[in-house]
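My request is simple: use the sequences and hints to build the entire structure.
The residues making up each chain are set out below.
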Amino acid sequence: MAKRKRKNRLSAKSHLPSGSMVYVGQDREQATQIKVIDYNDNQINEIYVNNIDELKTFAISETISWISVTGIQDSEKIEAICNVFDIHSLVQEDILNTQQRTKIEEFEQYLFVTFKNLYWDQEHACIDSEQISIILAKNCLISFQETDSELFTEIIKRLHTSMGNIRNRKSDYLLYKILDTAVDQYFILIDKIGDMVEDIEDETMHKPQAGTSQKIQSIKKELMLLSKHILPMREALNKLDSGHQNLIEERSLKYFRDVYDHTYQAYDTIENNRNLLSDLMNMYFTTMSNRLNQVMKVLTIISTIFMPLSFITGVFGMNFKVFPAIDNPNGYFYFWIISALVTVSMLIYFKKKRWF
Amino acid sequence: MAKRKRKNRLSAKSHLPSGSMVYVGQDREQATQIKVIDYNDNQINEIYVNNIDELKTFAISETISWISVTGIQDSEKIEAICNVFDIHSLVQEDILNTQQRTKIEEFEQYLFVTFKNLYWDQEHACIDSEQISIILAKNCLISFQETDSELFTEIIKRLHTSMGNIRNRKSDYLLYKILDTAVDQYFILIDKIGDMVEDIEDETMHKPQAGTSQKIQSIKKELMLLSKHILPMREALNKLDSGHQNLIEERSLKYFRDVYDHTYQAYDTIENNRNLLSDLMNMYFTTMSNRLNQVMKVLTIISTIFMPLSFITGVFGMNFKVFPAIDNPNGYFYFWIISALVTVSMLIYFKKKRWF
Amino acid sequence: MAKRKRKNRLSAKSHLPSGSMVYVGQDREQATQIKVIDYNDNQINEIYVNNIDELKTFAISETISWISVTGIQDSEKIEAICNVFDIHSLVQEDILNTQQRTKIEEFEQYLFVTFKNLYWDQEHACIDSEQISIILAKNCLISFQETDSELFTEIIKRLHTSMGNIRNRKSDYLLYKILDTAVDQYFILIDKIGDMVEDIEDETMHKPQAGTSQKIQSIKKELMLLSKHILPMREALNKLDSGHQNLIEERSLKYFRDVYDHTYQAYDTIENNRNLLSDLMNMYFTTMSNRLNQVMKVLTIISTIFMPLSFITGVFGMNFKVFPAIDNPNGYFYFWIISALVTVSMLIYFKKKRWF
Amino acid sequence: MAKRKRKNRLSAKSHLPSGSMVYVGQDREQATQIKVIDYNDNQINEIYVNNIDELKTFAISETISWISVTGIQDSEKIEAICNVFDIHSLVQEDILNTQQRTKIEEFEQYLFVTFKNLYWDQEHACIDSEQISIILAKNCLISFQETDSELFTEIIKRLHTSMGNIRNRKSDYLLYKILDTAVDQYFILIDKIGDMVEDIEDETMHKPQAGTSQKIQSIKKELMLLSKHILPMREALNKLDSGHQNLIEERSLKYFRDVYDHTYQAYDTIENNRNLLSDLMNMYFTTMSNRLNQVMKVLTIISTIFMPLSFITGVFGMNFKVFPAIDNPNGYFYFWIISALVTVSMLIYFKKKRWF
Amino acid sequence: MAKRKRKNRLSAKSHLPSGSMVYVGQDREQATQIKVIDYNDNQINEIYVNNIDELKTFAISETISWISVTGIQDSEKIEAICNVFDIHSLVQEDILNTQQRTKIEEFEQYLFVTFKNLYWDQEHACIDSEQISIILAKNCLISFQETDSELFTEIIKRLHTSMGNIRNRKSDYLLYKILDTAVDQYFILIDKIGDMVEDIEDETMHKPQAGTSQKIQSIKKELMLLSKHILPMREALNKLDSGHQNLIEERSLKYFRDVYDHTYQAYDTIENNRNLLSDLMNMYFTTMSNRLNQVMKVLTIISTIFMPLSFITGVFGMNFKVFPAIDNPNGYFYFWIISALVTVSMLIYFKKKRWF
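Protein sequence lines, in the order shown, are assigned to chains V, P, R, E and S. Mapped onto this note's numbering, the consecutive letters of the first sequence carry residue numbers 475 to 830. Mapped onto this note's numbering, the consecutive letters of the second sequence carry residue numbers 475 to 830. Mapped onto this note's numbering, the consecutive letters of the third sequence carry residue numbers 475 to 830. Mapped onto this note's numbering, the consecutive letters of the fourth sequence carry residue numbers 475 to 830. Mapped onto this note's numbering, the consecutive letters of the fifth sequence carry residue numbers 475 to 830.
Among the clues, some could well be false.
Copies of the same chain look alike in the list, so a pair counts if it fits in one copy or across any two.
Stated by the list, open to error - Keeping only pairs whose Cα atoms sit at most 27 angstroms apart, straight-line, the calculated DSS-like set for lysine-lysine is:
no. : residue 1 : residue 2
1   : 666       : 681
2   : 728       : 530
3   : 577       : 666
4   : 771       : 689
5   : 551       : 666
6   : 689       : 827
7   : 530       : 551
8   : 612       : 728
9   : 728       : 702
10  : 644       : 795
11  : 644       : 509
12  : 689       : 825
13  : 612       : 631
14  : 713       : 702
15  : 577       : 728
16  : 689       : 826
17  : 551       : 612
Everything labelled a hint here was simulated from the structure, so no lab data went into it.
Below you can see the structure in the form of structure tokens.
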């Protein structure tokens, strides 16, 4: 498993005057782009917006307006967009800081949601993440994403084809759809890692190698990363369910509850896999320890047989002037008999001790 | 223990447009079959229904109607059945997705229960599971099961023979009966695994082998599986107890509480067995380590005795021209005396160190 | 420690039609026997009852009636007794199933308490348990025990001698007395096991053997058993304290609180002992590992000294035609000098490395 | 660390009729002694009381009366004192049983507090404890201690010199003062053990020995003892804070809160030290394992060099009639060259493997 | 990593009469210095105050007055300052005792906050801490710090340049600013330690050495220290959020919530790193164990090959008078064939066992 990119500095903003808006995250070459998907039951329009002031009209209109902002490195532009909708400065900071913990925060006029879109980074063979921030207002949803992720593509397609009941619902249902799709992504990753766990289980059980423990560790790390993002997601959804948010219709709550159930299930699966990996680590230790035992037994058997034999050859190799045994014409014959006896009795001893 | 079948993909639905009903689970060749057991205190009828629209009449009738649907792969048919009873689309998805976490969810007109029927898969020597979903409505209970499991057979038999007070109760008592029977199944599995734990305890204590640790691990895995299903069952039943569900009669709550107590006891037993297995794993390590100690002692004793002896034979095997000891007529005799002294003193040393 | 008797099957009832009363437990040869201790402040009578219908009169009388049933294998008789007092069928099942978890359950007319009487089984050298179920009604307490345990003997004696204020109190005080005595029994066991822990601590510290770890494990198992029974007892008593049970007088609550405090203390002591045992297990591992180190050092020292020496003897044992050293008349002398130098330098090396 | 005195039997009272007052604890030769410190803002008197009935007058007086009872083995006397103040029989039992868990219990007319005074037992080099029970009534505080501990000495001195505002406060402030002083004692012990932890850390890091792990264990045991007493103290103080005790003035609550904060801090420090000790134990294992590795390497290097060399000498020591190498006049010279080559190549191999 | 300075004695005050104000902490040579930053929207003044009585005027004025006290060793002076503002004696003690646990306490007229300013001690290569206590009153904030830390420098600079909206807010916003800056400092430390974790991960994975485990431990210790201070900070901020403090404006609560979120995130990161370090420790063990296996295999291979060979040379080195093999002219040739066969068969055996 390749080395993960060095994580962004949590303290990147620490030495800057607070209150000033700064982008905290990886260098990405994504220019900030604003697309508005304006729809209601009958019609749907997809418009690219350059002049930020135009956004105001979408906010007021009766149709549902999804203002999708891609690329958040241009902090001034983000600030400008936020100011159009009168977003609290702390929220603006949170949008720009891609190290946010997943959370849902209620404000008087809007709901602020920030979470991670997780996907598999084929190149580094690890999970990568991208922060998505959403502001849910009446008839309006503003999303901020770091790059042009695939997460939104499918939802936009479905908005066009009008499948499901997504078009004749309010903006809260759109939010549900986005969160639901994000959690579905988590399941893809959990399945991928589940496969890796099964493979490493095979390896540990049937052909453990020196590198096996490192592989177990790196899978464990990916699982830790997943649970790090899923756990706060679950908490946030739970709070949403209990609190009476005025921006979410009563009939939509069932849907958010459903996403909550999914995060619960995701977390359960992750926990199971983590326990499994711990057990595999133990197994690996046992196997190593068994092998050591095996090696030591071979050494001991060999030594125990040949040391007495060598002693006997040594005895008959001595040069004493007076040495009755040597002169015995059957000496050589007796020597082999003694040697055979020693060997056989040793082998019987080890057999009885079940050493082989 | 044979290898468990690869688990179903949690993410099977992830790339499909959501809201479309899809079966998520193992391929089973069970065709969807609808059987209605319609009963009250006096009479009981068992009818196989082909035309889904007929179900409506059962829903309205005053008698208790248990609509038992077997085989849920035909998602369209399931959807059609659900629509007869005006079931929420999220519930429909949950019925079709056999990866659900056990839960009890209250809706205005009905109660939705989904849980796992666990049984012992003799062929793969592991626990297998089948999802059962139940919709409890007034005078009506609809059950969805993957295959024609034995779980329902006994209950139906008892309905016929009218043993117990099951026939003169409402549909909530039927739900209790089903859950109670399912939890009884769990106890059978717990007992089975309890026996395996006792066997492996014997093995670990009296004749630990290289494969013992793997066996401990695989039993641990079955226990994890059990607790994974029992824990949410307990939670769900607890919620049922505290919440004031209007579909469950006051006098029936004691019965659900009883099932809850059973899940509690089941979980306790599982926890105890898990602790026991952890301790056995430790024991196994200790035994292995003791054996290594034993092997090393044998090696050390042999080496410590024969290395000096070999040195002595080496000395007398040297070819020095001037070598007084060799010429001594009693040299050979002295040699044996020295050898005996070395051996005996070594043995005394090890005896004192309690090495054997 | 001898092997515990195989535990009863939790699933014994699973295949039987539920609702039918079945005894679940060990085979005991105890015939069902009913004794009534009827007392008030002034008088006390001990009557053996054969006709179950007679019990009714005791239930109505103003005096406190303790109906003590010994032997619960005869499920029909138990059912008959329960029906006299109109006991819920679930409670009847619980009385007959000796695998119950300790619990206190409130019904409208009575309080149901079931717990384990624990005692030391001298023969198998382990803790044995017997289930005691109690129904507390107004002026009446019905107890069910498996065998004629000593638990009740002392209480009955005290009722006779009228020591303490037990005779001029209601039946709730009698319940307290029984629970208090049961918890006192737990302390006797905790003390017994505490002694075993101290002994094994001595053994681990000063003369650890191959069997030490098994002994630690088996003590741990007994502790687990104790905490398995004490924990739900504590929970039940706590619930009793918080809930406003109408069968327990206000002034008696202090007493139940006192028993609760005792279970708390018992659990603390058990936890401490469990931690101690874990530490001892670690200690045992360390000692074993230290010994291995010791053994390996002896082997290494011996090998490191005698291998070079043997090589030297080998050199002078060669049969080269041209071999100057051999012909040197002081060769033999030099040989011993070299050998001594090798030995001494090796010993200095090991001394410096602090190997001995 | 010397062996702790065998702990008192928890079950000492178990076989005695309950309700009878019995002293449970170590044999101490302290005779029961009653001292009354009677004070208000203006005056303070210290009186030794022999006649228990005299105590009644102090209870009624408007001045604050601290009735300090030292030595509680004379259970009859304790009972008599308690009866003067109409103390509940369960409290009387608790005072006499020195195995109590720290607790604060509210009664209608008084507050009962029992806790442990911990101090360092120089002789056995371990923490020793003494139980202190306090009854806080209006204008009156009765304390029971096992021996004439130093805990009270300083408080009495301060009462005399009237430092702080202790004299013009109610009896609840006196209770605070006692608890505060007791918790200060805990800090002295925590510091003492903290020093021991730092010493053992040094030892583990720089010169670990066979006995190091035992020392770590015994420090861990002292920490367990401390936390065993501090934890319930914290709970009790927390309950005091939340409950509205009528015996404690509103303005005094801040002070009890302060003691609570101290116990919290104490517990934190203990937890940190326990974590540290666990880590040290791990470290010790690693060091031992590293040493084993070191020893094994030495053995392997020696064996790997001298075994081939010995083989070569063996070859040239053979007595074949036809043996070309032996007859070669440079044979002896070649032998040394081969030997040197073998040795050097082995050394290079180990150097490359970084074995030394 | 250098040795941390011995920690201050927690019990320093224990033997002193309580209520007397004493400084508990390191010896620092900082003289007590009082600086007042008096500001409102329009103006800002920085005044050094020597006469403590002057402070009163600042407390009354309508402008926001930040009274920054540096150096708290002069306990009399601190007491004097506190008395000007009528601060509770317990708070005064807390200010002087630098061992305080982070907490926020509400009083009627003011809010008391105490926390640790953490920074990296370059010299000892460990985290050092300094206690900061803050009293927040209406229009007034009094801060006490041990040394002239950099924490306040930036905030004062921003007050002057009037960046952000800090100048037109109340004193509660100033408190937020201080806490926010302190938590930002924590992130710098977390990042620093995160780097250390990544380095040690590299070392453990690719070139583990004898000292690696000690390095892992010492990083773990720093993390423990961090979490020890962050955890109570989080708790305190959470309490602030839930309680309705009258000194903190409704609109400021969002800001404190933001700091709370940061502490949450900080704690998550620390936890992740701690888990990582545990895993690294395991990894290190495995690597060590693998190496031992490797070493033992080398030893066993060498022994297994050369012991039989040496035996063979021994056989042909014997001096029997009658010794057919010796006299065979091809004996020497046969010897080498046998030796080669033994060696090759051994190598094949080890190859098959995958020992190299």
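To see whether the hints hold, each was checked on the structure:
1. 666 with 681: Cα proximity of residue 666 and residue 681: one copy only (22 angstroms, versus 30 angstroms across).
2. 728 with 530: between (31 angstroms within a copy, 26 angstroms between copies)
3. 577 with 666: both (26 angstroms within a copy, 26 angstroms between copies)
4. 771 with 689: Answer is between: at 23 angstroms across copies they meet the 27 angstroms cutoff, but 29 angstroms inside does not.
5. 551 with 666: Classified as neither: same-chain Cα gap 37 angstroms, cross-chain 32 angstroms, threshold 27 angstroms.
6. 689 with 827: Between copies, since 23 angstroms is at most 27 angstroms while 36 angstroms is not.
7. 530 with 551: This pair counts as within: shortest intra-copy Cα distance 15 angstroms, inter-copy 48 angstroms.
8. 612 with 728: both (19 angstroms within a copy, 22 angstroms between copies)
9. 728 with 702: both (25 angstroms within a copy, 24 angstroms between copies)
10. 644 with 795: neither (112 angstroms within a copy, 106 angstroms between copies)
11. 644 with 509: So residue 644 and residue 509 pass the 27 angstroms test inside one copy only (19 angstroms; across, 40 angstroms).
12. 689 with 825: between (38 angstroms within a copy, 25 angstroms between copies)
13. 612 with 631: within (23 angstroms within a copy, 41 angstroms between copies)
14. 713 with 702: Both: 18 angstroms inside a copy, 24 angstroms across copies.
15. 577 with 728: both (19 angstroms within a copy, 14 angstroms between copies)
16. 689 with 826: between (39 angstroms within a copy, 25 angstroms between copies)
17. 551 with 612: within (23 angstroms within a copy, 38 angstroms between copies)
Violated hints, in rising order: 5 and 10; the structure is consistent with all others.
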